[in-house]
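Place chain L with the ligands on chain B using the hints.
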Amino acid sequence: MIEATLGSLGRPVLQAVAAVGRVALFALQVVGHILRPPFYLRELGSSLVQIGWHSLPVVGLTAIFTGGALALQIYAGGSRFNAESVVPSIVAIGMTRELGPVLGGLMVAARVASSIAAEIGTMKVTEQIDALVTLSTNPLKYLAVPRVVAATLAMPVLVAVGDAIGIMGGWLVGITRLDFNSAAYLKNTVDFLEVWDIGSGLVKGAVFGFIVALMGCYHGMNSARGAQGVGAATKAAVVSASVLILAANYILTEAFFSS
Amino acid sequence: MIELAQVQKRFGENRVLQGVTLTIASGTSMVIIGGSGTGKSVLLKCILGLVRPDSGMITLDGQDVTKADRDAFLARFGMLFQGGALFDSLRVWENVAFRLLRGPKALPKAQAREIAIEKLRRVGLKPATADLFPAELSGGMQKRVGLARAIAAEPEIIFFDEPTTGLDPIMAGVINDLIREIVVEMGATAMTITHDMSSVRAIADNVAMLHGGVIRWTGPVGEMDATPDPYVQQFIHGRAEGPIEAVR
Ligand SMILES: Nc1ncnc2c1ncn2[C@@H]1O[C@H](COP(=O)(O)OP(=O)(O)OP(=O)(O)O)[C@@H](O)[C@H]1O
Ligand SMILES: [Mg+2]
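Chain order of the listed sequences is B and L.
Read in this note's numbering, the first sequence has 151 at position 151, and its numbers run on one by one without any break.
Read in this note's numbering, the second sequence has 92 at position 92, and its numbers run on one by one without any break.
In case anyone wonders, no lab produced these hints; they're calculated from the structure.
Do not take every clue at face value.
[As the list claims (entries may be wrong)] Covered stretches of chain L, going by a simulated chain B footprint (3 or more residues, C-beta under 8 Å): (1) 73-86; (2) 99-111.
[Unchecked claim] A partial selection of chain L residues facing chain B, derived with a Cβ cut-off under 10 Å: (3) LYS45; (4) LEU48; (5) VAL51; (6) SER89; (7) ALA150; (8) ALA153; (9) PHE159.
[As the list claims (entries may be wrong)] Computed from the model, here is a short list of chain B residues facing chain L with C-beta under 10 Å: (10) TYR40; (11) MET123; (12) GLU127; (13) GLN128; (14) SER136.
Note that CB positions come from ideal geometry on N, CA and C, so glycine has one too.
With the rest of the complex left out, here is chain B (with noise of 0.2 Å):
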């Protein structure tokens, strides 16, 4: 009786530690794999263009409102305390320390995550993975690498303009809305602003991108057969990055800020 529940407790725990156990050796050899030859330029091209740069909009987007909703709360917040001054620097160093790498990397998660693994989802399906192995050419070299590699690199970029673009919503919501003056807004962001709160942003950015190429990357090749066995995969590898993301940032969050 006790051994049966406690194996029936035994088998998820079991199950879930073989799936973290899967997803960090693949992790290892996506890394391993990256700095030996043959390197797959074009395709690493065309993936930070897909990444990179078709993100562009859903990024900007969401940073211009996060900015403005942020300015809006911070200035009801601030009134109570007499502080409403505090609005640009408090909306720089939100966006950059945590919503603008969070926020743009859940988007990411949803965009690129999910096309990644419905990608190499339907080639595993449509045994374009065996042909790929016939043709004498690794898939994990030729399409985890170059997605993972790219990820990586366009994430921090794309933080950047999202902090960028997060920052000036504030400060439009705040010239507009608020009454500030807009060079006193200005100058408020940039005198408050540290270094860090912007590097460790970036930073940020860069696992996140690992993370969702990764799990688009790992849940499409490990995709089921059949169409079912592709929006599995998809469906998995949303919400993996996106849970990833959050817990990611948690960490990183404790490694860089508590004292």
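Only chain L with the ligands this time, still in chain B's reference frame:
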């Protein structure tokens, strides 16, 4: 020479291969026949290492395929997949020239493209198809592009998984002739899966019938008609009545 000894493979409860033993001599054409779902495609994938057998031994020229250097091993093979398995992000000619464009012996782009167009012509496709994407082709055209890709690098050993399904009779004849030509003129070893008995007669030196997870019968194509084996007789004559159940 490819030798399979007691190869077994199961997927969960589904015991697909239950001890396959078969020899394919170099420079000959072996055709595998057998009912749908008997594991013919799985058998080819086992040889290529795409599916790992549960037990048994597969050797190529006496060497265990699981211990061979993968790159050198795969460089000797070409494979046409049952579904074509074309890369849909690449143009037709880039698919055909995929191997030629990569690896230590990579050719310049223009030369690889020329070879690709020549191979496309051999499978009955016009040069204009070269710049299309696979999704723009009909099923039979995709199949032929897959065939062109399999033979593009002139491998020693070529596997064809149902090369003529989905083709009209004339095109099927062209492909049968092509496969025969590759074996006779280039000395390649071919292993072909087909359900089409006219293809079997056109392509095969030897025939093997897979049924119930084992090689039910194997022998030269000339002896196929005379064999008393009831399974082979039922299969080649396409009879609904016989030892092979119609529901599988
Ligand atoms: N990756 C896989 N996972 C689970 N089962 C599989 C897998 N591949 C093949 N099978 C099963 O193995 C059996 C044989 O499949 P296979 O594709 O080799 O058949 P086949 O002889 O080529 O049939 P057909 O002539 O219809 O192509 C089928 O029952 C199939 O469901
Ligand atoms: Mg098959």
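How the hints compare with the structure:
1. 73-86: holds (count 10)
2. 99-111: holds (count 3)
3. LYS45: Result: holds, 7 Å to nearest chain B Cβ.
4. LEU48: OK, holds: LEU48/L within 10 Å of chain B, min 6 Å.
5. VAL51: Given a least distance of 9 Å, the restraint on VAL51/L holds.
6. SER89: OK, holds: SER89/L within 10 Å of chain B, min 8 Å.
7. ALA150: holds, 9 Å
8. ALA153: holds, 8 Å
9. PHE159: Because about 9 Å separates PHE159/L from the closest Cβ in chain B, which is inside the 10 Å limit, the hint holds.
10. TYR40: holds, 9 Å
11. MET123: At 8 Å from the nearest chain L Cβ, MET123/B passes the 10 Å test, so the hint holds.
12. GLU127: holds, 4 Å
13. GLN128: holds, 5 Å
14. SER136: holds, 5 Å
Checked against the numbered hints listed earlier, the structure breaks none of them; every hint is satisfied.
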